[in-house]
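> Residues per chain are reported as follows:
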Amino acid sequence: MTDTDWPLWEVFVRSRRGLSHTHAGSLHAPDAELALRNARDLYTRRGEGVSIWVVPSSAVTASSPDEKDPFFEPAADKPYRHPTFYEIPEGVRHL
Amino acid sequence: MTTTSAQETVPTAAALALGDDALVLSHRLGEWAGHAPVLEEELALANIALDLLGQARVLLSLAGDEDELAFLREERAFRNLQLVEQPNGDFAHTIARQLYFSAYQYLLYTELAAGDGPLAPLAGKAVKEVAYHRDHAEQWTLRLGDGTATGHTRMQRAVDALWRYTGEMFQPVEGIDVDRPALEAAWLERITRTLHRATLTVPDGPRTGAWTAGAGRQGLHTEPFGRMLAEMQHLHRSHPGATW
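Residue numbers (this note's numbering), protein chains in the order written: chain A, 1 to 95; chain B, 1001 to 1244.
Next up, chain A with everything else stripped away, as it sits in the complex (with noise of 0.2 Å):
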């Protein structure tokens, strides 16, 4: 199997209607139409999606592990962001 310089392209599938689409990996494509094929042979023959996104891994902006810090450590220590005050009414389920 030799290299190719093919563009690699993110994954995403939604699994089912009303939840959104998640990452599912990364592959190799030469343009947008194949790398949809590419991902719905490679991520979906098993039934997981019924919608594929693509996108071009060097359109996305990640932040970087130098800047862990000032990013997320400041929301370590503070409880009070999370909603856990308040009291679940009976019957609510799904929550």
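Simulated from the structure, these hints should not be mistaken for lab results. Virtual Cβ for every residue (Gly too), placed ideally from N, Cα, C.
With the C-beta cut set under 10 Å, the calculated list includes, among others, these residues of chain B facing chain A:
| hint | residue |
| --- | --- |
| 1 | Leu1039 |
| 2 | Glu1041 |
| 3 | Leu1043 |
| 4 | Asn1047 |
| 5 | Leu1050 |
| 6 | Tyr1132 |
| 7 | Asp1135 |
| 8 | His1136 |
| 9 | Arg1143 |
| 10 | Gly1147 |
Since the structure of chain A is provided, determine the placement of chain B on it from the hints.
Frame of chain A; chain B shown alone:
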């Protein structure tokens, strides 16, 4: 015999013809495993092969024991088209074979599914798989034909080389009651449109009559088919009745 009425009414000749087409093409596509140009494409071809294998299992089971039919028949007892037994060649040859066959299979199964014959339920299910096979072949035909000069040359060579095997698809088969001239006209129209979009030339060689291929349905096969069968059948014949 405890077969259902649907099974009793599927003529054996029809089940064998369509079942052998699916089985043999499935095996040919399976030969790409470990050799495809890229991993993603290898999975696509294997996926198509598995769809076809599923169709073959249903169809051959209508004609008898699927394993006996697949692994213990001699070459002359197979009823598949000569087109599907042609070696993979380069990737363009495989795509050209897929293009010709899936366009035919899509039209045939669409018509069978619309009827009320015994093959209608199977055809209705298979036609969705085949729609994807056809799309896959057409997408690649466009990219190879209308891409680089090398791709164009190779794709043209492939569609030319396999052209003489395409007339056989429209020969009558006992038990398959379709409007064959209409099927052939629709097939030719679809292929012509795809090849033109791909900037390829529609081959002008003969598709029927003398100097063309086409006796697979009568059990006459091309030389590479014997070697393919030997590989496909050797394990089962070496270990009769073996199970996992």
